[in-house]
Structures are given as structure tokens and as C-alpha cells.
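Residue numbers (numbering that gives the first Met the number 0), protein chains in the order written: chain L, 0 to 128; chain X, 0 to 247.
What the hints contain is simulated information worked out from the structure, not anything from laboratory work.
The beta carbon of each residue, even a glycine, is placed where N, CA and C say it ideally should be.
So the derived label-pair ranges between C-beta atoms look like this:
no.: 1; chain 1: L; residue 1: V21; chain 2: X; residue 2: N6; range: 22 to 32 angstroms
no.: 2; chain 1: X; residue 1: T49; chain 2: L; residue 2: Y111; range: 52 to 62 angstroms
no.: 3; chain 1: X; residue 1: N6; chain 2: L; residue 2: P9; range: 20 to 30 angstroms
no.: 4; chain 1: X; residue 1: E19; chain 2: L; residue 2: C42; range: 46 to 56 angstroms
no.: 5; chain 1: X; residue 1: F22; chain 2: L; residue 2: P9; range: 11 to 21 angstroms
no.: 6; chain 1: L; residue 1: V72; chain 2: X; residue 2: T49; range: 57 to 67 angstroms
no.: 7; chain 1: L; residue 1: I41; chain 2: X; residue 2: K138; range: 42 to 52 angstroms
no.: 8; chain 1: X; residue 1: Q23; chain 2: L; residue 2: V21; range: 22 to 32 angstroms
no.: 9; chain 1: L; residue 1: A115; chain 2: X; residue 2: P243; range: 36 to 46 angstroms
no.: 10; chain 1: X; residue 1: R185; chain 2: L; residue 2: I119; range: 38 to 48 angstroms
no.: 11; chain 1: X; residue 1: P243; chain 2: L; residue 2: L40; range: 32 to 42 angstroms
no.: 12; chain 1: X; residue 1: Y237; chain 2: L; residue 2: L124; range: 26 to 36 angstroms
no.: 13; chain 1: X; residue 1: C62; chain 2: L; residue 2: N2; range: 21 to 31 angstroms
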Amino acid sequence: MRNPYTREIPKYTWYLRQGRYVRYMAREVTSLFIGLHAFLLICGLGALSQGEVAYNEFLAVLESPFYVVFLIVALLFVIYHSIAWFNVTPQAMPVQVGEDFLPGGIIIGAHYGIWAVATIVVLFLAGVF
Amino acid sequence: MSERKINLEVLRYDPDKDSEPRFQTYKAVPCQDDWVVLDALNYVKDNTDTTLSYRWSCHMAVCGSCGMMIDGEPTLSCKAFLKDYGDTIRVEPLYHFPIERDLVTVIDDFVEKLTKVKPFLIPKQPKSIEEGEYLQTPKQLKKFKQYTLCINCMLCYSACPQYGLIPDFLGPAALSLAHRYNIDSRDGGCQERMKVTATNIGVWECSFVGACSEVCPGHVDPASSLQQMKIASTVDWYKKRLMPWSKS
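I would like the entire structure built from these sequences, with the hints used as guidance.
Below you can see the structure in the form of C-alpha cells.
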């Protein structure tokens, strides 16, 4: 007689089963900081739209130790997510040239190149150079 | 050839007697050093316990029947060389599938999902036999060839936590096969498949854990096909709204 048995998956601890799942969850959890940072940027834009006084108040708030620590942590996670994303771009966006596919290293490298150029442009516009 | 004795901890389940699965250890199974886990299971079945049930057929990583959890990792037992494991090896049925008996799982859900994505050529312009073959260049073939290598072993389903948590998810192999036809130059069924694949039980349930590609014995890289399908689905969504006059 058939009587299939279904094994339950622990809903809140399933990711502890393997290292790869823990790494995945770490990636997912750290993305919360990216979301919060994006929200902060939107708040900054909102303050900017209300004039110089409001924007300077916003900047003053960011100088508090809490926000300085938050921004450093968010920056580290943004870098982590950028690297993680660049590393998977050959899978998500393969480029076929002739019959063959471009080696993954070239696609990843191109992303780092564009990142560097974009950073220089932003720093230039910000008046660093 | 030298001989080594290993202990096999096998998850057993007899639907007629057991209320839940239990581990049974076969101690000191004499193994040759070039054996794989499947050979050890076959030795046990032939010499120790004829009631042990498991699927296998080709013994050469082609048929996709002998997938099992070996020391917690979804693996083809015909590719799992004993020399790569310790003296005690734990063997369980593939995770995320109901257990029929011992190491045999119920795969009906997978087969049903496979048919849902229409895994066959839907020609752009149907031809009669008299009109000849659907021609294809080597470049066009190479574009999708990797995705034809899937042997339906279901290791990717066993590795995918999304499938485990959300059983409606179509899963890596079925979606990869849909992608294989979507990017085939002879096929015109992409829109037809998107009705199923571009939904919240399709590619959008995938959160790119990447485990499917890590365990895939055929290097199909299902994770890559799902990400490419997400991009195609997004482009299609915008195209339909911003350029309603264009043909997808």
C-alpha cells in the first residue's frame, strides 16, 4: 500500500543545514541595510527639495555617531553586494561572440571598470578633483 | 585492489510498517577502493538486506535515477566515489520529495511541473515535411546547448530551499528546460511559456541562492537560466506597457 512520508522543513532554521544557505541568508539580511540606506538618500533628496536650511539640518543629523556608524556599515555591505553581483553577472548576462561565449572574467572585469569610471565621474562632479 | 570497510547509515522507511523514517546502519560493508556509493548499496542489497529499495539504472551519470542525499549533499550515488568520503557515510532520499520507500522518492510533482512549461519545440512557422528541416547554425545551437544536458536527476530541486519552502515553485530544472526552448532559434513558444514561467510560481520565486548550479552533475547551471529568464520577463513587461504596438 502506498503511504508516502513527507519530511517537514524547519521553517525558521532550515538555513542552518548547510554553509551555502547561511551565506545566502547573510546576503539577504545585509540587503536590509542597502534598503535603509536607499531610504536615507530619498529623505536627503526630500530635504534638498525643501531648501538649504532643511538640507543642512539633514546633513547635521548625519554627523551624529549613530549615523556615521550606520553609513560605514552600509558602505561595507554595498561593496559586498556589488562584488557579489559582479561575480554572478556572467551567469545572468552571458555574451556570445561568434560561436563562443565571452569568458566570465571579462564580463566581471568590465563591471569593475565601469564602477571605477562611474566613481571618478561622481567624485569629479562633487568637486574632489 | 585494496578493500576498505565502511559503515552505511541509510534512512529506511517501510510504508506498511513505519510511521516515520528511521536510520539503519550497515556495518563494515567490504568495498573496493574504486567503488561509488551505489556499488556499496548494491553490495548490501545483494548480500545483506534484499529489502533495501533505491532507484538506479545506468551507473554512469546519464539516466539521473540514483540521486540521493549523501552526507547531506544531493549527489548522484553513481558519481560519489567512496575514496572521497569518511568511513561512515549517511545516505538519505533526496530532500524536498515525499519518501515512497527507503531511498525511493515520489517524483510526480516534478513530472507535472516539467509538462507545465511545454518542454518541446513550438515552431515559429510550422512547416510541412515536404518543406524540409528547421535549419540552425552552430552558433544558434551553442546558445542553448548547455541547457539540453539536464538529465532530470532532481538534485537541483533537493538543493533549492525555495522549492522546499514553497512547493508550488516550478523549480530549477523545469524552468531551465523552458529557457532552453525559449532561446532556440527554431522556437516561437516563449510567450506561451511565459504565462507559467513569468509568474510568482515561476522565475520570480527564485531568489538566486545558486545551490542548484552547485550540485548539478551536468554543469547545466540552472541558476543562470533563471536569471536570464528574469531579465527577459522584465523586458517583456516593460515592452508590453511602453510599446504596446510592438510584437514580443
